[in-house]
Amino acid sequence: MAEITLIINGKKVKGETEDTILDVCEKNGIDVPTLCHFKGLTDVGACRMCIVEIGEERVAINTACTTQALDGMVVKTDTERLNNLRKINIELLLAERNHFCMFCEMSGDCELQDLAYRFKIDYIRYPLLFPKLPLDASHKYIIIDHNRCILCGRCIRACDELEANHTLDFRERGWQKMINIDLNSTLRESTCTSCGSCIQVCPTGAIFDKKSPYLGRSEECEFTKTVCSECSVGCGTEIVTRANHILRINGNFDSDVSRGLLCDKGRFEPLYKEKKRYLKPMVRVNGELKESDWEEATKIMVEKIGGMDGKDIAGLVSARATNETIDLFKKLINNVFCSENIGMLHGPITTIKGKGSLNKILESDLIIVVGADFSKDHKVVRSLIKRAVVKNDSSLILVNSNANNLSSYAKLLLKKEELEKVNEEISMANEVSIIFGYKISGDVEKWISKYGGEVNLIGLMPGTNSLGAYKLGINRNFKPRKARGLYILAVDEDNDILENIIEEAKKSEFVVLQTSYENVLSKEADLIIPSMMWAERSGNYTNMEGKTQEVNKSITSPPEVKDDREIMVSIADKIGKFLS
Amino acid sequence: MALYRAHVIVSIDSFSILKGAIEVKDTLIDKLKKYKLDQEVKVLEMSTLGQIKDVPVILIYPEKVVYAPVKVEDIDEIVEEHLLKGRVVKRLIKELPWLPKKPKLEEARIVLSNAGLIDPELIEEYIANDGYVALGKVVKEMKPDEVLEVIENSNLLGRGGAAFPTGLKWKFTRKAKGEPKYIIANADESEPGTFKDRLILEGDPHRIIEAMVIAGFAVGSHIGYIYIRGEYALVIERIKNAINQAHNMGFLGENIFGSDFNFEIKIHKGAGAYVCGEETALIESIEGKRGEPRTRPPYPPTYGLWGKPTVVNNVETFANVPPIIRNGPDWFKRFGTERCSGTKVYTILGNINNKGLIEVPMGISLRDVINIYGDGIPGDKKFKLAQTGGTSGSIIPESMLDVPMDYASMMEAGAALGSGALLICDETNCIVDLLKPLTHFFNYESCGKCVPCRVGTTKIYKIIERISRGGGLNTDISMLEDISKTMAATSLCGLGQAAAVPVLSAIKHFRGEIETHIFDKICPLGVCKI
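Chain order of the listed sequences is A and B. Okay, so the first sequence: first residue is 1 according to my numbering, each after it adds one. Okay, so the second sequence: first residue is 1 according to my numbering, each after it adds one.
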């Protein structure tokens, strides 16, 4: 890319050959009002806010977001004529549907409202129509209020370009134009994958989530950038909080892993889990769990577990714990309790590891998915595959995968035994991505390892930080070996993972459960130590690509709940050993 | 070959079919058989000559007598008197506008030279009238650059309304990188009051096919699309037939004229959206997407169909190409004005005696069109205004009647020639009453992609509508001006930009009349129901 020089508002500014005028303005700090433009989505030039005057003698008006910047171009962004035209267009928008701000959820955060203030609109001259349009609240998480819609098409582009699902589109034309869901369906019955990208890109109060409306404007909220702890993709998130309450989880458009995309599991489900939180240590007395305090809890811990022989103690840790916590837990079990028996709640991971990158999926002309299951987690990987197939014409081969509606995008659907058929396809392709699940058999592993070096190899991990734990040296199969003392660091792990441990827990003499919520193991636990939940933790996660990303706490924990590391250090202290 | 003593030509086009032309033709054939004249008189099917008011039309050669309008009941008389006894039926004779009373201003038919005179379903008749000569010349004797030069020198401007030089468009497309390149004929003629393309295609479909192949040769394209308005059933049928015939003759398909040049033409039916006549919306529609215009630049010559370089030309533009190639650019420049060569096909309608299609050289004044070709205004009423270029055209008062009608002069006078529809209104027509359906049309047809057009057209319609009801506000005219100017300046495509034109020109020329509606709450002509 070569450097070009433009004259914008009389000043010489620099840009690059592929830039649009808006790009050049943004790079040089020139403020151009926009509305339908959203960074990362294609520009359509629908709102006509970013109009600029181009040329000196023959002045043409065109949109900055869609016009390519050329060397020597003379551009004006802030003339009286332009501002007048912008003002009338905003006025027209305000007169189109119901834009009475005082009843709107987005009042204060609305881009249309911002523009109205910016262009000093205090009165709408044009006849107001107030068409009575429907409001779709059928979806579990999302509400679409067509009355607030300005038809900028951002949600449609996000649905199509980010999630590659194209559930949303326009229907009808002119003043009857509306956002359409599938073939005029409701959002609940539609093909919507509940990724929620539409909520995040909507500039007005037309699309919003059910959890956070009217709970706070962005100026009253705090925003914390962190990493999703629901699966091993490690999507960048932004947690919106107010007064130590989580309002909303947004995708982080600056994240190199997910680039703003999230799935329902990462965006909505964490806010919808209703579980009983442990706020104080609990001790089992005569078969009943009784509230206790930290002093007593550590004392019991030291007495019961500390008194056992190292061979009789086993430790299990959740992959939702951060690298720092897992490292300390390993040291606690190995050095303090002198046991080698330590494992992950999720079980061991595959022997071959993917070294590829998620973004390379989009560049691949052949994508092979082997033994992967996208129905519960890793849905963002599924979106990337869909995007590659739909937008970049990549071909997709599914081998023994439960790909949750991905099969309609696939060129071939194969069984595990037919794996050799893929070899020829691979030899014909330029860029190949192989994505494999965490429950693949030995011969599949062998087949994959053949291509290990040449292709973009991505291995899904059973837990959020499984690869981090593996790198810290925890991957051996956990063997209870009649463990008398079982220390489970479950953090905020879900029941479906903890269920696998019930049998082991029943066999053990003394079970210590360090967890945030009441769960299936609570019945078996002799001592429960409260632990922080995902939004309260900080540290690092290593995602399935091997990228280590920072986890930041967005809310502070309840007063009696301590950090997992602090608890482990104090247990070691009581035993009389030093743990760093 | 059989010899006939007389030929009877029946016009079969969309208008005539609606008025019973097929029944007329069938009765005629029956009657001829009954009188045992079927071996002496040949009945032929043609397209229209441009007549839309008194149809069906029957033309009898060798006498060159025109009967119109002919009803089934009249056939007996025509056959018995004229064909059997040789006596012309005087009561049915019709004088056509293209045989003008004042012979000084003759119609110059370039585009319509064959329309109504040859059988559009027979390729042989087109060939007999110099058809496919230009294509042969191009493929066999010329290089693509030479073709481009001829078209550029001819000064042919696009006839769709924007008047972009065709030669330049083709040159840009040829130079643009990207394969394959595409040629698109825009036959999605949906401008109300315009039906020239339909009559060109109904009357002379091979001409467009020939021109598209020539364009393909010049530009380096091998695939062409004709985007035909879905309602034009007869056009689609005739173009399909013409494509088949051209294939069989070797004028289409592989190795055209035995050369190594190949060209295919596909038909795409429009689904009824006005905006799809806009070239980028048309391209989107062919691609199977929502018919919404694209932002420009890039323009179709560099980024068109499927992102490849594409020529999109109006049917009338294409129709000019074969004669230009045959006769050379200098011949073409003899017609019209210095700045705009050639002829223009107009559809005249409204309060005028002779409604229909005419083709005259560029630069003829509207006054001449009305008085000579249109045969004046019925009932000797006074001329009030004309709207040129369909709904999106400007409104012209009497003071501008003498402006020469070519693209450049009209633009200087602050008007637009547009697609060539001329709507004539006399003194009994109210300006608000005229604006109401116009603005309603745009309100209905705006695609809704960009704000000024989607909301602006609605608001303009609402305001005009309330003025016509007597509910106009004092600020309404300034509001109309504000919205219209914003639409003209900031709309994404021609639809929104042009939708403002009739409103602005109506305010400019007939402000007083609109103000009477608003302030005095009366319609001076008693048309609006206040």
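Read the hints as simulated data drawn from the structure, not as lab findings. A hint or two may mislead.
[Unchecked claim] Among the chain B residues that face chain A by a calculated CB cut under 10 Å, a handful are:
1. Q245
2. P297
3. N443
4. A489
In this text, a Cβ means the ideal position worked out from N, Cα and C, and glycines have one as well.
Query raised in the report: Does A489 (chain B) pass the interface check with chain A, least Cβ-Cβ distance below 10 Å?
Result: 5 Å, holds
Query raised in the report: Holds or violated: N443 (chain B) as interface residue toward chain A, Cβ cutoff 10 Å?
Result: Hint holds; N443 (chain B) Cβ to chain A Cβ min 6 Å, cut 10 Å.
**Report entry** Hint status (Cβ of P297 (chain B) to nearest Cβ of chain A, threshold 10 Å)
**Finding:** Constraint on P297 (chain B) satisfied, holds at 7 Å.
Query raised in the report: Once the shortest beta carbon distance from Q245 (chain B) to chain A is found, is it less than 10 Å?
Result: With Cβ-Cβ at 38 Å, over 10 Å, it is violated.
Checked against the numbered hints given earlier, the structure breaks only hint 1 and satisfies all the rest.
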